[in-house]
Amino acid sequence: MGPTDLLWRYPSVLMAWRNLGRNRVRTALAALGIVIGVIAIASLGMAGAALQYQATSDLGSLANEVTVSAGPDSEYDGVTEEQVDEIRSLVTDAVVVPQKTNRTTISTRSGEAFVSVTGVTQASALYEVSSGDAPDRLETGALISNGTARQLGLERGDPVEYDGRLYRIRGFIESEGGFGPPGGGNELVLPVSALADQDHYDTVTVIAADGEQSSRIAEDIEAHFNRAGRDEEEILNVFSFAGAQENINSFLNTLNLALLGIGSISLIVASVAILNVMLMSTIERRGEIGVLRAVGIRRGEVLRMILTEAAFLGVIGGALGALLSLAVGLVLFDLVTGDPTLVFAWAGLRYLVVGFGFAVGASLLSGLYPAWKAANDRPVDALRG
Amino acid sequence: MSVVELDDVVKRYQSGEEVIEALKGVDFHADRGELVTVIGPSGSGKSTMLNMIGLLDTPSEGTVRIDGRDVTHFTEDELTEERRSGIGFVFQAFHLLPMLTATENVELPSMWDTSVDRRDRAVDLLERMGLGDRLDHTPDRLSGGQQQRVAIARALINQPSIVLADEPTGNLDQETGRTILDELTRLKEDEDVAIVAVTHDELLTEYADRTVELVDGRIK
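Line order of the protein sequences matches chains X and E.
For what it's worth, my numbering labels the leading residue of the first sequence as 3, then goes sequentially.
For what it's worth, my numbering labels the leading residue of the second sequence as 648, then goes sequentially.
Bound conformation, chain X alone:
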């Protein structure tokens, strides 16, 4: 049993395939229109996805953080232990990291550096360590930023003095560019006990799973401690990057829609071309379709045959277009994010699916009128030509 015999069981498919084969140039040109349309839609969509990915990763973990400090109406110069406990009871699904900060000068034989000092227990939650370790509970020892260590010639195990006490260096904080967490500059991280002379915490960082959660947490804390309205009162200053990320996201979504809109115009043009091709070819074959109807082929069967032709154009053009778009996507993601394989993530891949679906949908839609027209032509008129 050959492939033709198999096709024979789906007569609409067989007839459609043979009909498309009769005028290969016309078929190829109609499919080419669809290919271009799909590439336009899919690559513009993927360009948006790449930009979004890059913007999100640039903002980094900051978007997940809520920073709380004393507000102008607070009677204390920091966040009190009680307030931290209240925040902890308020935020049960995220990590609450209170910190005390100060500044000091560290001097070694190699030189002198002005550093900001952070006293924190859960160092691991805040800092990425490039070597050594950032313990979950920092009780002894110190972390120091890479750059500072290099400048001062400090190595692991070396002592650093703060407030008259010595702390051994157990890890180095990775320096980050851009928006990175505090630590990009000169940073010294000590156990919170080192700053025991400060009664209150300077900042409390809440680390949520994502931007959405962090903005919800920010609202909760705001609502609990502060009062809005006429007699507004700001006991705690609550700050989160989530809002900024939302703005960026909503801008990128708008941009993406605009890009997709531009892309769909080309697919609409392509489907008008298919409409034209299908209409021409059914008009050319009017007599032939009349013969089909005369010998007893039902209207529905003629309709299916012509719709299948349109679907073939859509599927062929769509598949080829999706394949080429994938190549475009690889280049795009490589250029924007530096990692071409990111195109295989759903955020990028879905535009291939969208493009393909659009191609088949638009082709079927364009085939509908010619198919309906051909199927409902009276055989006696069609035979007369």
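It is possible that some hints are incorrect.
[As the list claims (entries may be wrong)] Here are some chain X residues pointing at chain E (derived, C-beta under 8 Å): (1) Arg-20; (2) Asn-21; (3) Gly-73; (4) Val-297; (5) Val-382.
[Unchecked claim] Which stretches of chain E does chain X cover? Using the computed rule of at least three CB atoms under 8 Å from a CB of chain X, they are: (6) 758-766; (7) 823-834.
Calculated directly from the structure, the hints in this document are not laboratory data.
Virtual Cβ for every residue (Gly too), placed ideally from N, Cα, C.
On the provided structure of chain X, position chain E as indicated by the hints.
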């Protein structure tokens, strides 16, 4: 009982402002195993009459019966079913589909009936027509006579009771025409069908069991 019957059939066309009466009360019948030719000058209504018998068009007045059943007021879909199961068509210009092989063209009327396999019957019909070595040829590789024989096989694939032929020899030379007519004569007996042929061709009437002459929309 006649396989097809026209009873006082009138057909009027609207042509611009005026109404043309192509058939003015025609009575006609054809029986199994008989070859009836319909002759007459151009514009006498021959083709219109053939369209009535072939259920391609419906009369303005009168009754059309197939195997004794009144099909005059059938819907387009019902008429399609009647054509599919009971009527075969042979056209002057053959009208084979160029992208299908001879066998596929013969199978065409039953193509969407995937429940029945007509391949054997199609091959058998083509072999009986002397086209056993042309089964996989597309129409452009067949001569006119061969194409018309494929068309005849196509008309017979669903074992119809009537085969309608519109100038079946019109596009063929006399000798080929003769072989086609020999074929039709043989088939009307083998297959027990009524053959109704419309023609200008004197030759065809030689083969006819009966000839009906149509003049100005009336049987003479």
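Verification of the supplied hints:
1. With a cut of 8 Å, the hint placing Arg-20 of chain X at the interface with chain E holds, because the nearest CB-to-CB distance is about 4 Å.
2. The beta carbon of Asn-21 of chain X is positioned within 8 Å of a beta carbon in chain E (closest approach about 6 Å), and the interface hint is therefore held.
3. At a threshold of 8 Å, the smallest CB-CB gap from Gly-73 of chain X to chain E is about 78 Å, leaving the interface hint violated.
4. With a cut of 8 Å, the hint placing Val-297 of chain X at the interface with chain E holds, because the nearest CB-to-CB distance is about 4 Å.
5. Here the hint on Val-382 of chain X is kept, as its CB sits about 4 Å from the closest CB of chain E, short of 8 Å.
6. Only when three residues or more bring their CB closer than 8 Å to a CB of chain X does the claim for the segment 758-766 of chain E stand; here the count is 3, and the claim holds.
7. Counting residues of the segment 823-834 of chain E whose C-beta sits closer than 8 Å to any C-beta of chain X gives 0, which falls short of three, so the coverage hint is violated.
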